[in-house]
Structures are given as structure tokens and as C-alpha cells.
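Asker: Sequence positions in the sequence shown follow numbering that gives the first Met the number 0 and run 0 to 416.
Fair warning: there could be bad hints in the mix.
[Said to hold, decoys possible] So the derived label-pair ranges between C-beta atoms look like this:
(1) 206 - 142: 17 to 25 Å
(2) 228 - 179: 57 to 65 Å
(3) 303 - 267: 53 to 61 Å
(4) 226 - 206: 21 to 29 Å
(5) 360 - 257: 49 to 57 Å
(6) 88 - 356: 24 to 32 Å
(7) 155 - 212: 55 to 63 Å
(8) 267 - 288: 32 to 40 Å
(9) 397 - 155: 52 to 60 Å
(10) 114 - 283: 21 to 29 Å
(11) 284 - 203: 23 to 31 Å
(12) 157 - 130: 49 to 57 Å
In short, the hints are calculated from the structure, not lab data.
Values in this document were obtained by computation on a predicted structure and should not be read as measured data.
Just so you know, even glycine gets a beta-carbon here, dropped at the ideal spot from N, CA and C.
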Amino acid sequence: MSHIHPARRLPAAIAALLCLASTTRVVADTELPAAAAHGLELVAPKGRWVMRVELRESGYSRVFDDAGNRHPLGAAFDNVALGANVFPALGVFGAGASLGTTDASSRLSAERMEIRAGYGVTENLTVGVILPFGHTRNGIGFRVDGGNIGFNPAFDPTLPIGPTNFPFAPVGMGASAPLGTADVQEILTNPAFGLGYKPLRSTTTEGPSDPTAGFLWRFWRDAANSATFGSGVRFGIQGENDPDNLADLPLDDGSTDLIGQLESVHQLSPYWDLRLQAKRTLQTSDHVTVRVPGAGELLPAYATREQVKRDLGDFWEYDIELGRSVANWRVAGTWHRWDKSADDYDSARGTDTRALETYTNIFADQWRLSLSWSGIRAWQDGKLPLPLIVKLETQQTFAGRNMTDVYDYYVQFTSFF
Numbered sequence: 000m001s002h003i004h005p006a007r008r009l010p011a012a013i014a015a016l017l018c019l020a021s022t023t024r025v026v027a028d029t030e031l032p033a034a035a036a037h038g039l040e041l042v043a044p045k046g047r048w049v050m051r052v053e054l055r056e057s058g059y060s061r062v063f064d065d066a067g068n069r070h071p072l073g074a075a076f077d078n079v080a081l082g083a084n085v086f087p088a089l090g091v092f093g094a095g096a097s098l099g100t101t102d103a104s105s106r107l108s109a110e111r112m113e114i115r116a117g118y119g120v121t122e123n124l125t126v127g128v129i130l131p132f133g134h135t136r137n138g139i140g141f142r143v144d145g146g147n148i149g150f151n152p153a154f155d156p157t158l159p160i161g162p163t164n165f166p167f168a169p170v171g172m173g174a175s176a177p178l179g180t181a182d183v184q185e186i187l188t189n190p191a192f193g194l195g196y197k198p199l200r201s202t203t204t205e206g207p208s209d210p211t212a213g214f215l216w217r218f219w220r221d222a223a224n225s226a227t228f229g230s231g232v233r234f235g236i237q238g239e240n241d242p243d244n245l246a247d248l249p250l251d252d253g254s255t256d257l258i259g260q261l262e263s264v265h266q267l268s269p270y271w272d273l274r275l276q277a278k279r280t281l282q283t284s285d286h287v288t289v290r291v292p293g294a295g296e297l298l299p300a301y302a303t304r305e306q307v308k309r310d311l312g313d314f315w316e317y318d319i320e321l322g323r324s325v326a327n328w329r330v331a332g333t334w335h336r337w338d339k340s341a342d343d344y345d346s347a348r349g350t351d352t353r354a355l356e357t358y359t360n361i362f363a364d365q366w367r368l369s370l371s372w373s374g375i376r377a378w379q380d381g382k383l384p385l386p387l388i389v390k391l392e393t394q395q396t397f398a399g400r401n402m403t404d405v406y407d408y409y410v411q412f413t414s415f416f
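Go ahead and model the full structure; you've got the sequences and the hints to work with.
Answerer: Structure follows, in C-alpha cells:
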């Protein structure tokens, strides 16, 4: 698929919206409720379709630890002394033996497009799908220097490694120079050293992501309020993470999920509205191939690979959104909470999998700010061929635990036909 960069289109989109604003009539006392005018409920009229296309750009270079403190992404691989604690074989050379100290950095950027399409079976029941597509890039910087161990020129890779055929030697005692970045990459990737990783470098992933099918049922509505219940299944088509790629960041987790949500919208006055939402996601168990590390182990060997049963933690999401409308415009602020329980892994071999489960209980507090323009009135007046709602939104993470410090920019286009 082609790359999607919605954030680069934001200035033009904002300019277009401001031009529309300059020609908008102020008729607040005859405006539609915000739920209808700005598509707060994605419920289609009976016998009609609703479609929403969302373009999103995200990125982060920091993560929150278990105590809620921010650290650079990839900090576990930065400023690491590559001694016997990482490569136990170096222990034969004494406590000071080292391949060097790492200088590592990571920055993720992602573009995502979501197509939501629903059909109104009745005035209050819509069935539909969510079809996501994405592109992610993990930009990696990696360098090693300052070591005192090099390659042993007498090492014969065709023979078994042993005391008389050892791949390393201290500088000045067999090795002429310490190992550099390319040499450490060779140790990571060459199966002869037992690790068997892919080169540690920038990676890109793109394509379709995990789709969802479900329904929305509006079970209550009066002149100023409405409430909907929704449920669906998100199908895990992404597959598993690559256990041999330290920089792998897939588009989704590949878990098949059961989703339920309850949402209500309240027109507090002609100008103010309130949207509340609670969503529950149950992640079903599956089987994946992983490397199972020991406690504190940075680079588990290739031999630790096995297929384990995975049950990713279930999670809750909550939204509280307050909106202010004038004529065809609405500005809103949202508090969003994401709260996930810990993952569970089980090995048929009886391997201790606790290291895979550590720091997988996650929460994030985020704020959103949005501006939307409704073309419903313009369509009713014959100025647009279809009803159109355009929304710009930004989201920032302000607190978290075991969570990425992510930002998002959205552009949404919603129409009914």
C-alpha cells in the first residue's frame, strides 16, 4: 500500500475548514444535536450506509516504566557493557573483559488508515466492519566501542568451539584490535555464536492490520440524550512477532479479541454536549513462537525459542468528552484512560516464562483535542452532494505505566449515503 502521512495534510485541512467557517451562518437555536451533526454516534439510518475514513500519524521515542517514569525507547540496549553478564563466554578472560559499550537509540513512526463502514438494518441497529491498514518504521541507531576483546585469528569456525578453539582473545594477547559495531552484529547474527538474530537495524512493516466486524445498537434516545451498545470481534490476522528481530514492531498484536462497549451522548444545552464511553476488550489465547529469556537476560539464545501458549491481558478503555458547538463547528476535549492487565504465557516444556510476563500490566492517561465541521446543514441546503463531517484531532499521553509515550494526529471524514 502507499504510505499515508495525514499529519502533513493537517495545515491544508485546517485552512479549508477555516475558509468554510468564514461562510457559516450562526443558527445555533436550530442546529441538530451534536450526536447527529458531528457523527458522535456511528449509527446509520435504516437502509443507508455510514462510512468513516480515518488517517492517523503516530510516533514515540520514549516509554513509561513500571514506576511511571519516562525513558528513551530502546534504553535496555543503550549504554550496556557487553561483558560476561551479556556474553557468558567472556568470563574465561576475567571480570573486566568486554566487547565494548553500546550506544543505541530507537524512534517509532507509524501511519494508519482505518475504513469504517456500517449498514442500517433498522433505525437503531447498524452492522459493519473496521478495515485498518498501516505502515510502521522503527528507526534504529546502534554502535559499539571501547572494548578490550577481539576476534582470535587462530579460530577455526569449521571446528567445535572449545578451550583450544575459542573465537575471542584479549587485545594484545592474540587479537590485534577490539571488536567494533560490525563485529558485534556478526556475533548477533552468525548461528555459530548461538544467538541467530537478524541484524539490529531500522525495520519497516506495512499492510493490512487486524479487522473488526460487529454491530451498534442504539437502545435509548430522546430529544437530548442517547445511548448505544456495541459488540464485535477483532480478528488476529497479523501473526506473531518475529522472535529473531530485536527491532520488530508489528502493526497489531495478532490476537483475536472480543469487544463490548457502552456509550452515551448528552446534549447539555444548545451549545454544550457530553459523551461518555466504556469499552471492554477480552483477548483470546493463542500459540506463538518466542524466545524465553531468563530473569534479567538481555539476549536469549536461539536455543530458547519455543512455541508457548499466549494469553494477552484484557483491558478497559474509558472516554469522557466535553464538546462546545457553534453553528456547524464543534471543539471538544477528551480524557482517555487505557488500563490493561498482565499477559500470561505457558510453556508445554515447563520453561519458566515469568520474564515474558514482567511489566505487561499497562495503563495510560491521554488527552485529546478536536475540531470538527459538519456539512449536514450544507447538504440539506443542496450545497453538498453528500452529508460530510470533517474532524481534526490530536492525542497526547501525559501519564502511564509500561506504556509508550505516544502522540497521535487524526483526520476523519464521515458521510452517510
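Asker: Taking 55 to 63 Å as the hint, is the beta-carbon distance of residue 155 and residue 212 inside that range?
Answerer: For residue 212 against residue 155, whose Cβ atoms are near 58 Å apart, the range 55 to 63 Å holds.
Asker: Go ahead and decide if the range 49 to 57 Å is satisfied by the Cβ distance of residue 360 to residue 257.
Answerer: For residue 257 against residue 360, whose Cβ atoms are near 20 Å apart, the range 49 to 57 Å is violated.
Asker: Does the hinted range 21 to 29 Å hold for residue 114 and residue 283 at CB?
Answerer: 24 Å, holds
Asker: Between the beta carbons of residue 88 and residue 356, is the distance compatible with 24 to 32 Å?
Answerer: Between residue 88 and residue 356, where Cβ atoms are some 29 Å apart, the hint holds.
Asker: Quick one: are residue 397 and residue 155 within 52 to 60 Å, going by C-beta?
Answerer: 57 Å, holds
Asker: Quick one: are residue 303 and residue 267 within 53 to 61 Å, going by C-beta?
Answerer: About 57 Å separates the Cβ atoms of residue 303 and residue 267, which means 53 to 61 Å holds.
Asker: Tell me if the beta carbons of residue 228 and residue 179 are separated by a distance inside 57 to 65 Å.
Answerer: 60 Å, holds
Asker: Range hint 32 to 40 Å: satisfied by the CB atoms of residue 267 and residue 288?
Answerer: For residue 288 against residue 267, whose Cβ atoms are near 52 Å apart, the range 32 to 40 Å is violated.
Asker: Taking 23 to 31 Å as the stated bounds, is the beta-carbon spacing between residue 284 and residue 203 within them?
Answerer: 30 Å, holds
Asker: Just tell me: holds or violated, for the beta carbon distance of residue 206 and residue 142 against 17 to 25 Å?
Answerer: 31 Å, violated
Asker: Falls inside 49 to 57 Å, the C-beta gap from residue 157 to residue 130?
Answerer: 52 Å, holds
Asker: Between residue 226 and residue 206, is the Cβ distance one that fits in 21 to 29 Å?
Answerer: At roughly 36 Å between Cβ atoms, residue 206 and residue 226 fall outside 21 to 29 Å, so the hint is violated.
Going down the numbered hints, you'll see the structure goes against 1, 4, 5 and 8, while the others check out.
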